[in-house]
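> Starting from the structure of chain A, add chain B where the hints point.
Now for the letters of each chain:
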Amino acid sequence: MARAASVDMRTRMQELLPKIVLAPSFALVLLFVYGFIAFTIYLSFTDSRMLPSYGWEGWTNYSKLFRIREWDTAITNLAIFASLYIVICTIIGLMLAIFLDQKIRGEGLLRPIFLYPMALSFIVTGTAWKWFLDPGIGIENTMHLWGWESFEFGWIKDRNMAIYTIVIAAVWQSSGFVMAMFLAGLRGIDNEILKAAQMDGASNWQLYRRIIIPLLRPAFLSAFVILSHLAIKSYDLVIALTGGGPGNATAVPATFMYSYTFTRNQMGIGAASAVIMLMTIAAIMVPYLYAELREKK
Amino acid sequence: MSVASQDNAASVGRVGRTFVYLTLLLFALFYLLPFFIMLVNSLKPLGEITGGNMIALPQDWTIAPWLSAWSTAQIGVEPTGLKPYFWNSIRMVVPAVVICTMIGALNGYVLTKWRFRGDTIVFGLMLFSCFIPFQIVLIPMARILGILEISGTTAGLVLVHVVYGIGFATLYYRNYYAAFPTELVRAAQIDGAGFFQIFYRILLPSSGPITVVCVIWLFTNIWNDFLFGASFASGDAAPMTVALNNLVNSSTGVREYNVHFAGAILAALPTLLVYIVAGRFFVRGLMAGSVKG
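Taken in order, these protein sequences are the chains called A and B.
Numbering-wise (our numbering), the first sequence opens with residue 1 and increments by one.
Numbering-wise (our numbering), the second sequence opens with residue 1 and increments by one.
Only chain A is shown next, with the shape it has when bound in the complex (with noise of 0.2 Å):
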């Protein structure tokens, strides 16, 4: 008798074990994460200003920042940054891949040489371009002393354009990181199919047009939905590029919940946009993440 129940004491431990040992990782998700965010979201509702504070405002925060010129701005910046990041990573990415796909000799040289900008900071990559950018030490100057006197390069400085800068950084940063993804989708593709395609009289642009690129698709998905994941979090590179200047020219989301959040004593406004912000976040990667581990079961 005592031993049965021994037994059947060792085989319940085992069963719960694993759960005893996932739990504590769960539970500080649940709270870190999910009960972070349902706290910040109920300060959006209320009247928190240095401190958070529980009297309940209702909308008004959510009213009054869309009434902030700064969030205007903040929002246009980030439409603007993030298309544009997306679209010019994504075309170099793909023609980066492709190119290197043709039997390149020195491709394990050029490999690295592209993907080394993702292994840095984005506060390296922000003081360096921050540099080359200025006008008056930069590649401005530097092509004034070689001679070309007319050279202009002042976006950095520029209200209108100093956007246009933060995009050039990020393109560099993160366009090697996507050729990656499509090389390896373009790895991934059987050969006999090409062959088949080739035997067909397929040219190397229909090849291409028609049956790579079309089987790309997943490298695409990916590449969309990690950029703008990125885009939108963006904040150490405009910090460190621009710091949101001139003015608040180029101002972001990010930099706007944090100004508001902890140096403007408006804690319900910037709860209130980090709510925006990730709820532009979900609507992106929670159908992205629902078919992903649909698919996997």
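Now the in silico label distances, taken between C-beta atoms and shown as ranges: (1) Trp148(A) x Ile276(B): 28 to 38 Å; (2) Arg67(A) x Ser234(B): 25 to 35 Å; (3) Pro181(B) x Leu221(A): 28 to 38 Å; (4) Ile193(A) x Gly146(B): 51 to 61 Å; (5) Gly146(B) x Leu109(A): 44 to 54 Å; (6) Asn204(A) x Ile276(B): 29 to 39 Å; (7) Gly106(A) x Leu184(B): 36 to 46 Å; (8) Gln206(A) x Glu183(B): 38 to 48 Å; (9) Ala79(A) x Leu184(B): 46 to 56 Å; (10) Ala291(A) x Gly16(B): 35 to 45 Å; (11) Pro84(B) x Asn204(A): 50 to 60 Å; (12) Ala79(A) x Ile276(B): 35 to 45 Å; (13) Val77(B) x Arg67(A): 36 to 46 Å.
In silico DSBU-like links for lysine-lysine, alpha-carbon gap of 35 Å or less: (14) Lys157(A) x Lys233(A); (15) Lys157(A) x Lys64(A); (16) Lys130(A) x Lys233(A); (17) Lys157(A) x Lys83(B); (18) Lys83(B) x Lys130(A); (19) Lys195(A) x Lys103(A); (20) Lys130(A) x Lys157(A); (21) Lys83(B) x Lys233(A); (22) Lys64(A) x Lys233(A).
Here are some, though not all, of the chain A residues that point toward chain B, as calculated from beta-carbon distances under 10 Å: (23) Pro117; (24) Val124; (25) Ile284.
Since the hints were made in silico from the structure, they are not lab data.
Glycine included, C-beta positions come from ideal geometry on N, C-alpha and C.
Structure of chain B alone, referenced to chain A:
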């Protein structure tokens, strides 16, 4: 994989090939030039930078900017150089990576070999946590760190990075262990091996590749983090990225560009080294995290 696919490439004409090579070289230049310029200018005296061409090699080679960036440059108010902050980052990144990787491996093991009802939901919730904009957790995190009395410390940052690194670590190990034959696990179970025995004896010995991937990924992410560092440890406990940003932005008087560049390279050095040593795995890991299979 890459050898077989060399046949993929359809042959292109000579003009086409020249164009392909030229484009690739041009882009190689585009990616390399910024780093080259940083390096070259970090070895020049300041006068050569403000008065000269940024692409030119130094006439007067000097390592003074590097020494200054490392140990004497003004960071915020203290002339300490980046050295203490470099060690802050090391003290932050090493424990965070070790803890995260261990937790991730166990989680991946449970989620693939000890499946239970609702495990996909658990994993889905963990997975989504990798992609949230961290702005959404900044305010409550600041409070919790305050309550635990670890705000403004390296320990606080370790906690933050562990919490938000678990998702990715779990993702990597789960995807990796999913391909590991479950029959082996079942056979060991029948032989009487327990939960941890199976993990140590059977799964762990073959987890080398994914561990490399996971460690590299976590290391670069945590080392390069700026938002959490700036929010929760901006003083003495600031990590390298925050200190670099202070160095570049807060220097009073003459802007010492050569020192800034030396500092930027110092901040990039650990991740670059990791990348140079194990870059191939790094790429493979990113694939595992983003593209299926």
